[in-house]
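Starting from the known structure of chain F, fit chain Z onto it as the hints suggest.
2 protein chains.
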Amino acid sequence: MGALDEEHFDVELENGMKLGCLELGLEGEPETVAIEDAVKVLLEGLGEDVNREGLKKTPLRVAKALREGTRGYKQKVKDIVQGALFPEVGLDNEVGQAGGAGGLVVVRDLDHFSYCESCLLPFQVKCHVGYVPSGQRVVGLSKLSRVADIFAKRLQEPQRLADEVCLALHYGIKPAGVAVVLQCLHIHFPNLETAFLDPNHQGWVKILVSAGSGVFENENSDVWVDFLGLLKFRGINVEKIQTRDPIKSWCPSCSSSGAKISSELAPANPGMVSAVASILRSLGEDPSRKELVETPSHFVKWLMNFQNTNLEMKLNGFVFGKTDPHKTNGEASCNKKHIHSELNLSFWSQCEHHLLPFHGVVHIGYFRPEGLNPIGKSLLQSIVHFYGFKLQVQERLTRQIAETVSSILGDVMVVVEASHTCMISRGIEKFGSSTATIAVLGQFSNDPAARAIFLQSIPNITTSGV
Amino acid sequence: MGALDEEHFDVELENGMKLGCLELGLEGEPETVAIEDAVKVLLEGLGEDVNREGLKKTPLRVAKALREGTRGYKQKVKDIVQGALFPEVGLDNEVGQAGGAGGLVVVRDLDHFSYCESCLLPFQVKCHVGYVPSGQRVVGLSKLSRVADIFAKRLQEPQRLADEVCLALHYGIKPAGVAVVLQCLHIHFPNLETAFLDPNHQGWVKILVSAGSGVFENENSDVWVDFLGLLKFRGINVEKIQTRDPIKSWCPSCSSSGAKISSELAPANPGMVSAVASILRSLGEDPSRKELVETPSHFVKWLMNFQNTNLEMKLNGFVFGKTDPHKTNGEASCNKKHIHSELNLSFWSQCEHHLLPFHGVVHIGYFRPEGLNPIGKSLLQSIVHFYGFKLQVQERLTRQIAETVSSILGDVMVVVEASHTCMISRGIEKFGSSTATIAVLGQFSNDPAARAIFLQSIPNITTSGV
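If you read the sequences in order, they're chains F and Z.
Each residue of the first sequence is one higher than the one before, starting from 1 at the first, in full-length UniProt numbering.
Each residue of the second sequence is one higher than the one before, starting from 1 at the first, in full-length UniProt numbering.
The following block holds chain F by itself, in its conformation from the complex:
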């Protein structure tokens, strides 16, 4: 096992202090307690037992995550930029532009997250910032990220976020100009019906926005061309920058069906809607601000997708059909039976520890007796959605799908691949991470060769970037 034995390790455990940076002392504050109370109302509205083990600490976790994730309301740009402006000589303007007088500075690929003001779900932001120094001074590079973070850690909308970061840097650094490009990624907003109907439903909504000040005010200026040229080196495609449309929101909660549903749902769940409004107040926001008026009902609409139901799945009476000899896709032989792989069944779920979405794909492998057709993909997709649209943990989701599929098909193997919003939108902020879980039943559990055959049938996944 390496250099440490258990005894050494126990000694090490005693030599400790609290988590420092991760504990902001939010616990027990009135705003935190108010959010906890509101989250309990939401959990009860979902038909959940707020005292069950997995949910006991959920209200506190949600409250801390929301308060940490909106701490930007209480931060000052001046505190960050002051003391990080450094004298740096440049060139006489007739000679050229460089250093502290005109030399473009660009920092790319700064990962942030923000909360969508339309639906209260976190969204990912890849931030690219450029500025042209003037006055013979430059700013410490990390400050570009820290200032962006102040505005990301609020309830936001991509274009306003870009504008605010741009303006804050402009007044903070007083350069010749600032340019901001944001690539934003918002989880899609399925509801049970559309998800079941549309198997090709996309997981993410993407948007690219920009803002410019000073020499960047004119989007057709040469300095924009230089800036975009430097983004292209990093593979950042800037051809699709959105022009600002203040009326149409990018958030999927604001689609026509969403707007309809909000008015349908609101009367049905007034307690939940008021609970979300009280959360907004506890975060220091004004729920009557026009961009926030619909937010509580949008969030409740999203949440109700994951309502606790006692719906029984009717899986009895399923029979294998006869096989079509020409159809051998997704199959591999093993011990005279075929391993059939049903890949990339999409799912949405809601992490019960943080009330945050996790989302990804399910791969199912099973042994198919020769001469019989594989089971229909749509039935498997329905099973996946049935267990996905709940308050869940990925480990349980994996087991439940495996057990249910096994009740029809016998020996099965299930792999669930997911991105967890809770891994990016809380303290750890691990943007590239992804989680995989496995369940194996019957022959798969003691036949490594069968497992390997199934795993090899799963295509490589490229990181879900912006």
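These aren't lab readings, by the way, just hints derived from the structure by calculation.
Keep in mind that the hints are not guaranteed to be accurate.
Note that the list lumps identical chains together, so a pair holds whenever it fits in one copy or between two copies.
Derived SDA-like pairs: lysine to any residue, alpha-carbon spacing no greater than 20 Å straight-line [claimed, not checked]:
1. K206 with K248
2. K56 with G140
3. K390 with E403
4. K56 with D79
5. K74 with G427
6. K74 with G25
7. K74 with L231
8. K56 with A84
9. K40 with E217
10. K56 with Q82
11. K40 with S274
12. K56 with N446
13. K78 with K206
14. K56 with D37
15. K74 with G28
Same frame as chain F, now just chain Z:
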């Protein structure tokens, strides 16, 4: 400019609090002050004026970064894992493995950084963790990352880091087994001589290590095959896992030339070496621990690459040679002159704000009169190294290279692309970010078409991943 005007913004600035998470209150503590004093000794040893503007706060910045970056010494695994173990039923072992009883759980691509115990420079760690739950319980996914962080935030060596994370999770979660794979990336250790001699000097040293406990103790077990299969989906090539060699260090400071130099340097800089030893003590380490004995001299050796020198560059008497009509590589026409691009000149430098390396490539474009040969690449590379091997900021480096090249070649454009260690190894931890700076002289400053031609000649850069 968008939704905010300056007045609105100023009001917003007043409504603030301190940075919260980013301010750990380390300022003024005896350990911090002791490190500040030691850093002043190092700066003086480099021939620097510790009171010049760019360096005034460097001792405090270095002290805070080092103490934050080694806070793992004071953290407890129990504090993190306790309260994050959740009951989760599994399956009877005869039926299969799933959920809280045997279903493999894998979290991939967790970005961390650590400090190399051989040279005190930060290195990047991409961490992949798997565990097989037992006892009908699972751990919150983020805890795998938080526990890894406790051991990463120390002076480390990749294999020990993997072993410690593995063991800590094993005793913390009490699962059937834990597997850890780390991909580590250490900046290469040039010294002035080898850098000048070897233009193809690689920027990074890479290593892949693993550790396993319980069912993962045997590296040839089937469960390792499952785990590695799930890493492959993410493009993680695990074929090069190192077997442990406790004698040979991965750190470039421990190469044979490094060992030689350390004994040469130590007598010359006893004050600097003792200063680094005192930093180790202030971090809670024992400088006489055998892995740390050479660390102060290694760090001083690295640092001395960036000594302040008054070396004059002799560039007079340079003349263009006649052109070879068959050689037109790296050229593009513009206004009857050719724009010649000299691309990917590597550089190392040391950020004067944080005493941390930044490293990357320089691209130089200039107008070459028709019929004349381009200037030799080795001269340009020498100019780049001359300005790189100093305490620097990227903006100044860019300007200095541009001014010097311009004194020989007239109108020039310089692009510097860099990764800054200070962007990952302090609070902001922005792992994927990269910085570009531009300087333009003469015709390039008022000819956007010439700039565009030069920028287009620069090849796209793939992110420097592990």
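Hints, verified against the model:
{"no.": "1", "hint": "K206 with K248", "verdict": "within (14 Å within a copy, 47 Å between copies)"}
{"no.": "2", "hint": "K56 with G140", "verdict": "between (43 Å within a copy, 14 Å between copies)"}
{"no.": "3", "hint": "K390 with E403", "verdict": "within (17 Å within a copy, 63 Å between copies)"}
{"no.": "4", "hint": "K56 with D79", "verdict": "between (38 Å within a copy, 18 Å between copies)"}
{"no.": "5", "hint": "K74 with G427", "verdict": "both (17 Å within a copy, 18 Å between copies)"}
{"no.": "6", "hint": "K74 with G25", "verdict": "both (15 Å within a copy, 18 Å between copies)"}
{"no.": "7", "hint": "K74 with L231", "verdict": "neither (31 Å within a copy, 40 Å between copies)"}
{"no.": "8", "hint": "K56 with A84", "verdict": "between (44 Å within a copy, 11 Å between copies)"}
{"no.": "9", "hint": "K40 with E217", "verdict": "neither (47 Å within a copy, 43 Å between copies)"}
{"no.": "10", "hint": "K56 with Q82", "verdict": "between (43 Å within a copy, 14 Å between copies)"}
{"no.": "11", "hint": "K40 with S274", "verdict": "within (12 Å within a copy, 57 Å between copies)"}
{"no.": "12", "hint": "K56 with N446", "verdict": "neither (36 Å within a copy, 64 Å between copies)"}
{"no.": "13", "hint": "K78 with K206", "verdict": "neither (32 Å within a copy, 40 Å between copies)"}
{"no.": "14", "hint": "K56 with D37", "verdict": "within (12 Å within a copy, 49 Å between copies)"}
{"no.": "15", "hint": "K74 with G28", "verdict": "within (18 Å within a copy, 25 Å between copies)"}
When held up to the earlier numbered hints, the structure conflicts with 7, 9, 12 and 13 and fits the remainder.
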